[in-house]
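*Asks:* Here is how the chains run, residue by residue.
2 protein chains.
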Amino acid sequence: MNIDSKNPGAEVPVLIAGEWRRAGNPAGTFSAVDPATKMPLPGLYPISGPDDVALACQAGLDAVMALRAMSDAAPENIGRFLDEYAARIEGAADALCEIAARETGYPVTPRLRAVELPRTTNQLRQGAAAARGRSWCQATIDTKANLRSKYAPLGGPVVVFGPNNFPFAFNSIAGGDFVAAIAAGNPVIGKANTGHPGTTRLLGELALAASRASGLPPAMVQLIYRTPPAVGFQLVSHPAVAATGFTGSKNAGLQLKEAAERAGKPIYLEMSSVNPIFILPGALAERSAAVAKELFDSCSLGAGQFCTRPGLSVVLGDASGEAFVATLAAAFAQGTPGTLLGASGLAGIASGLEELRRNGAEIVTGGDPVDGPRYCFANTLLRVSGDQFLASPHALQTEAFGTVNTVILASSIAQMEQIAARLEGNLTGSIYSDTTGKDDEAYGRLAAALRPKVGRLLNDKMPTGVAVSPAMNHGGPYPATGHPGFTAVGIPASILRFAALHCYDNVRPHRLPAELANPNPTGKMWRFVDGEWSQRDVPA
Amino acid sequence: MNIDSKNPGAEVPVLIAGEWRRAGNPAGTFSAVDPATKMPLPGLYPISGPDDVALACQAGLDAVMALRAMSDAAPENIGRFLDEYAARIEGAADALCEIAARETGYPVTPRLRAVELPRTTNQLRQGAAAARGRSWCQATIDTKANLRSKYAPLGGPVVVFGPNNFPFAFNSIAGGDFVAAIAAGNPVIGKANTGHPGTTRLLGELALAASRASGLPPAMVQLIYRTPPAVGFQLVSHPAVAATGFTGSKNAGLQLKEAAERAGKPIYLEMSSVNPIFILPGALAERSAAVAKELFDSCSLGAGQFCTRPGLSVVLGDASGEAFVATLAAAFAQGTPGTLLGASGLAGIASGLEELRRNGAEIVTGGDPVDGPRYCFANTLLRVSGDQFLASPHALQTEAFGTVNTVILASSIAQMEQIAARLEGNLTGSIYSDTTGKDDEAYGRLAAALRPKVGRLLNDKMPTGVAVSPAMNHGGPYPATGHPGFTAVGIPASILRFAALHCYDNVRPHRLPAELANPNPTGKMWRFVDGEWSQRDVPA
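As they're listed, the protein sequences go chains A and B.
According to our numbering, the first sequence is numbered sequentially starting from 79.
According to our numbering, the second sequence is numbered sequentially starting from 79.
Hints may be right or wrong, so weigh each one.
The list treats identical chains as interchangeable, and a pair is accepted whether it falls inside one copy or across any two copies.
Said to hold, decoys possible - Listed below are the simulated DSSO-like cross-link pairs for lysine-lysine, each with C-alpha atoms no more than 30 Å apart in a straight line:
hint, residue 1, residue 2
1, 602, 222
2, 222, 328
3, 539, 516
4, 116, 539
5, 602, 516
6, 371, 222
7, 602, 116
8, 222, 516
9, 116, 222
Read the hints as simulated data drawn from the structure, not as lab findings.
From just these sequences and the hints, can you work out the full model?
*Replies:* Pasting the structure below:
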């Protein structure tokens, strides 16, 4: 952890093939910036060029071969690695939270130490259990046809691009995509988010030590910090690379998508979402102030920089709707605006607001950056009529990534339905309704329109909490993600993104992988045998 | 079935929104050609333009809404439709086989009547059972978090492009992709293969009647015959279209892939495969002649026009390998060449052979078209050394879609491994080995190299049989398909390609779809409840 610590001006090394080494012919360097002071933090991180990409890809392939040679020991080694990594993260929690706080402006407590770090180690341990348990691979056996199939590692390293807003839980070398790719048995090449390179570097040290302690190949986890765009495209389309997981902006995501898909490489993207909240009249009549508080709390969580932050809400434009807007406006006006992750966040909110206003949304409160030492933008509430929204539905779904919400005042329930029908793909959609059933008829109509637009439909609940559960879907229709059938959160489903389907036809019993042989390899693994899910051995 | 039958020069109608209607502003017409005579068959089929695409897409969306309104009755209605359709296909088997034989040159018996038609009705009935049984949707319930999720229809029509080589089993409106899309609850817009439009039209009549008899919306099955390329791109990227299934040439597939993916639409492609057969020395010593016969029989099945036809075989270049080539050559020379599906098949084989020869492959037997009334190309065997293959691995994997096989004579088992490692993605790969275990060490090394290159790994078996089993994988790494995690054959896995993941978070019990409510909706549906696969009700 102390490489060059005595010489903060020296270039930070990248992690390639199990070694911290100087970047080869980097395209430049960059520093992280403290969002609370707008001052650069120590550490010059390299902008990697094609040399690093070539080396990391080759080392990733070597790791694939080494994992393959481990054969049936791989699941246990991977499980040990993920558990070990989780323990080392806990052991270094103070250091991790300190540097993450400096790089992100998030408070150590509760956000980093009490919420995000435990969530991250929990995910790692769930991944460990899944790797060991093996049920994720959906072993399917047809004894009559002597056909057996299961999901298997992809055969190349997986590239993970982490977002700026979760320095631990979605980190390229510690977060959800990382866990999923590793649990499936793939090495990972992490591309750090440039907002928190120091946090990621420290995680890299812990991951490297954990992989050494677990007998995994040295290139199981590799790390570069940044690339010029063209080198990023080269990375995701590299012949050795098997797939990519990306969480970040729509602009960057769509460009990487094109590069990867042109090369025939799967890429999983989580890009943008306004997470609409529909509040039916009965809910307003019953608990308007409580819902307004919930909405503000959810919208302002992490300074509004959650993928599942509610950016759009819809109420009827009657007296109750107006009262709701007034209550909400007070909450927005009174709440202390959070610290944004960086200058690009400020610019993004400003340009988003401009687009919203150009299309008829009016500022109710906020609307401007807050002067001072930190990156900060006023909590901003906008309003627009349902008619206006329906006239410019695309523009009025522009994401402003911060504590920003646009309330649509609809003329009727029927117009609420029309609004839902014009939504683009979202991660989530929530409907609040009267608890005694008065809104049920309206709910039915609205939910039918909203359901196909979102990955997760909520009742009476804000979407910012994303439980790590097998039943979670942190995904949704394009352009929220690149494919409506996959989730980025939730084990085992998220693992399947990074797996290939392998069938064995008439393969002799002693040549089958353990998961497909007659004896159940763990005694507990779930397999689909002759049309039934079972934990039993297959009779010989 | 008799539209315009008295006027064979009149333009055949398309099936849009439940009606047979004249194509709107078609870009022209075409006729099918009898491969046995090279003469055009009766029937002028329209080349659909943007008008037909727009109408079909709107009608497809209407069908989505109608299905949604059926709610929990939809699975039963879909099951009834698929069963009814299968029965009507059996009732019209004579007429179907007659027209399919004329359009494809395939013999009625056994190919069409005894093999492909029963396979097709079997698939339809498996799809019916899956739709009714609902286990395919992988309902996942976390009672503690009150999170519930399942796969659901995509929310738009699915476009299916069928290939030329299976007029029934992979037909755009009767085959595997069709069944999968329908079983998931999506309407289908079929783009007929231009080789067998009459067969597809007749299937369209049966499908329409079956859908009427089952209470499904009129646009559940729609049919157009052909489009100019730009209109095809428009179709797969249309805002209303949810996804596409394509089986056909790599050239057309890659163009459609780019158009669909640019619009954020999933597309599943099955494009090309040379299906390598590795024959280890012990197998040659034990049963050289028998393997040669199996290889020729598999390679010549359907005149070599199977996606899983073995196009490449690999033996050691010693005396046994030379003897194997000689035996195989005799089989190729003596076998009667089959009738190809059309003129493009002839041209495709010729250009494939040219590419193979340009890169060092030598013709052992065959190599030329066969003159006569029918489309026919001599059974063709080529040979090339392992060194030559490794010098031009890409070119020497050029597909020649007919009874064509290239034998690679390798210098050693290690070179066989290198050859396997240089293979592109394939649907299948087979290894033949000595039955007493003498080849086991070589098998282990070779299988490790071959496994990641193929969707299905076979032992001592040719790949042309593709059982419709839950454990089948008719898929594989790019460029055999567009994604290594999906199969085009096998229920339930193939259905998941055409489904979106829908999560319900804190949704009130009476608003949940039946599959996610506490009571098991069929009493037998498999659900993943709190980490266990179960057929039980969830305790309230």
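*Asks:* Any hints from earlier that this structure breaks? Give me their numbers in increasing order, please.
*Replies:* 2, 4, 5, 7, 9
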